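Asker: Heads up: the protein sequence lines correspond to chains A and B, in order.
Per this note's numbering, residue 1 is the first one in the first sequence, and the count goes up by one each step.
Per this note's numbering, residue 1 is the first one in the second sequence, and the count goes up by one each step.
Think of the hints as simulated: they come from the structure by calculation, not from any bench.
The model shown is predicted, which means the values in this text are computed figures rather than measured ones.
Backbone N, C-alpha and C fix where the C-beta goes; we use that ideal spot for every residue, glycine too.
Treat the hints with caution; some may be incorrect.
Heads up, simulated DMTMM-like pairs for lysine to aspartate or glutamate below, C-alpha to C-alpha not over 25 Å straight-line [unchecked claim]:
#1 B:K70 - A:E58
#2 B:K105 - A:E86
#3 B:K57 - B:D67
#4 A:K7 - B:E41
#5 B:K105 - A:D87
#6 B:K105 - A:E58
#7 B:K56 - B:E17
#8 A:K7 - B:E38
These stretches of chain B come out as covered by chain A in the derived footprint (C-beta under 8 Å, 3 or more residues) [as the list claims (entries may be wrong)]:
#9 49-56
#10 80-92
#11 101-109
The primary structure of each chain is shown beneath.
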Amino acid sequence: SAVISQKPSRDICQRGTSLTIQCQVDSQVTMMFWYRQQPGQSLTLIATANQGSEATYESGFVIDKFPISRPNLTFSTLTVSNMSPEDSSIYLCSAPGGGGIIGGYTFGSGTRLTVV
Amino acid sequence: TQLLEQSPQFLSIQEGENLTVYCNSSSVFSSLQWYRQEPGEGPVLLVTVVTGGEVKKLKRLTFQFGDARKDSSLHITAAQPGDTGLYLCAGLTNSNSGYALNFGKGTSLLVTP
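Next comes chain A alone, as it looks inside the complex (with noise of 0.2 Å):
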């Protein structure tokens, strides 16, 4: 199945600043997906990449406090900006897992952002 690698693992970040996480995906895939969690509780989907068209968000998420690329079908980033101390949380990027639906889908080890 695909393996994700996701940088960085871990950042501290004052307020008013911007960052942004990396994923290098080792095979193509057509689709990638950003999530946030909260330690310890579920996964909110926040947006999907698709390679050659703009991200489209969920409700609640807006491109310009989290813009993201997706230059090609291996790499993308999600930049959370203008950070306030309620964007702590953790940033998991995922696609799919290769095999079909039963591959399920392969997530990064994520991004734990806390802002100061």
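Since chain A is already given, all that's left is putting chain B on it; use the hints.
Answerer: Leaving out everything else, chain B in the frame of chain A:
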């Protein structure tokens, strides 16, 4: 959005005990997936159930998909400390942006020696 209700939310048991985690929805899913997540890692797929009534076994883990494809369960026999983690059920949903996973709230399992 199709909601997945997962229970219990927290479970603390001793090594050797059995447990069952439930995942329920009022909506029909074409398939459901179960993931396990450890601290500092992303979720890892355990199994995908596709057919109503399907039962799949993965060593000491047994997964069942309801006949109506609205619910699923995960049963662990003789739990071990290595089973500790966050268990998540997830179904595909046609979100704003295509097919993405919709997750239940998760069950945090702690198995003590």
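Asker: Is A:K7 close enough to B:E38, meaning Cα to Cα at most 25 Å?
Answerer: Answer holds: A:K7 to B:E38 is near 18 Å, not above 25 Å.
Asker: Residue count check for the stretch 49-56 of chain B against chain A: does it reach three with CB-CB under 8 Å?
Answerer: violated (count 1)
Asker: Counting residues of the stretch 80-92 of chain B that have a beta-carbon nearer than 8 Å to any beta-carbon of chain A, does the count reach 3?
Answerer: Three-residue rule met by the stretch 80-92 of chain B, so holds; n is 3.
Asker: Just to make sure I understand the rule, a stretch counts as covered if three or more of its residues have a C-beta closer than 8 Å to a C-beta of the chain. Does the stretch 101-109 of chain B meet that for chain A?
Answerer: Answer holds; 7 residues pass the 8 Å Cβ test.
Asker: Just to be careful, I want the Cα atoms of B:K57 and B:D67 compared with a cutoff of 25 Å; is the pair within it?
Answerer: Satisfied, since the Cα-Cα distance of roughly 17 Å is no more than 25 Å.
Asker: Quickly compare the C-alpha distance for B:K105 and A:E58 to 25 Å and report which way the hint goes.
Answerer: holds, 18 Å
Asker: Is the Cα-Cα distance between B:K70 and A:E58 25 Å or less?
Answerer: holds, 24 Å
Asker: Mind checking the alpha carbons of B:K105 and A:E86 for me, to see if they're no more than 25 Å apart?
Answerer: Judged against 25 Å, a Cα distance of about 20 Å means the pair holds.
Asker: Can you confirm whether the C-alpha distance between B:K105 and A:D87 stays at or below 25 Å?
Answerer: holds, 19 Å
Asker: Would you mind confirming whether the straight-line C-alpha gap from A:K7 to B:E41 stays at or under 25 Å?
Answerer: holds, 12 Å
Asker: Starting from B:K56, check that the Cα of B:E17 is at most 25 Å away, please.
Answerer: With a Cα-Cα distance of about 20 Å, the restraint between B:K56 and B:E17 holds, given a limit of 25 Å.
In summary, the one numbered hint that this structure violates is 9.
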